[in-house]
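The listed protein sequences derive, respectively, from chains A and B.
Going left to right, the first sequence walks through residues 1 to 112 as the numbering used here numbers them.
Going left to right, the second sequence walks through residues 113 to 226 as the numbering used here numbers them.
Source of the hints: derived by calculation from the structure; they are not laboratory data.
Remember, predicted model here, so these are calculated numbers, not experimental data.
Backbone N, C-alpha and C fix where the C-beta goes; we use that ideal spot for every residue, glycine too.
Take the hints with a grain of salt, since some may be wrong.
[To be verified] One-sided excerpt, in silico: chain B residues whose CB lies under 8 angstroms from chain A:
(1) Phe157
(2) Gly171
(3) Glu214
(4) Gly218
(5) Pro219
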Amino acid sequence: GDSVTQMEGPVTLSEEAFLTINCTYTATGYPSLFWYVQYPGEGLQLLLKATKADDKGSNKGFEATYRKETTSFHLEKGSVQVSDSAVYFCALSDQGFQKLVFGTGTRLLVSP
Amino acid sequence: GAGVSQSPSNKVTEKGKDVELRCDPISGHTALYWYRQSLGQGLEFLIYFQGNSAPDKSGLPSDRFSAERTGGSVSTLTIQRTQQEDSAVYLCASSPGQSLNEQFFGPGTRLTVL
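Here chain A stands alone, though its shape is the one from the complex (with noise of 0.2 angstroms):
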């Protein structure tokens, strides 16, 4: 079946320095890609999204492309901020945005 890998965290970074969590994927068809972060105390919010070959997702400053011949959507910010600490999760849908396959999660810590 469908299935999600993404590094394990923590991942522990200085404020402003660069970011990238790993995600691949293994699906059948051409699915969707996602990444959902959770925020300390807070429910799961869709962070950035592709839903097809090459897109590049953006938002509040992360990046994904999607890597269809890698099978990969890592996730990238270029200077992190205290804020973005929080549990990131990398996610798949196929067959029109149906249920969700997430990653374990990784868990960013920003140091100020």
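For this one, chain A is given, so just place chain B on it according to the hints.
Only chain B this time, still in chain A's reference frame:
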């Protein structure tokens, strides 16, 4: 506007008891999803409702789990004869139901089975 709400926010129960978890989706959203977030299994899909169609129950882990959606709005997830491995955060999400739509998540219900 109002987002997805879930109740209760926390539930502690004894092994063997039945529990009901409630989800109020965003008004007008035709699609509703239940997921489970646990330490051992991560985030797992449980069940999906779309309008008046038969639900997709493919993620329910056992026949002790069931869900219904009344009037196309509020949904209740029922776990019968709870076991300790049912302890998790149960998340509900809704979406407008057409393709390319975001799922909006509620805050979850934390279930602890003693």
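> Against which earlier hints does the structure fall short, listed by number upward?
Replying inline: none
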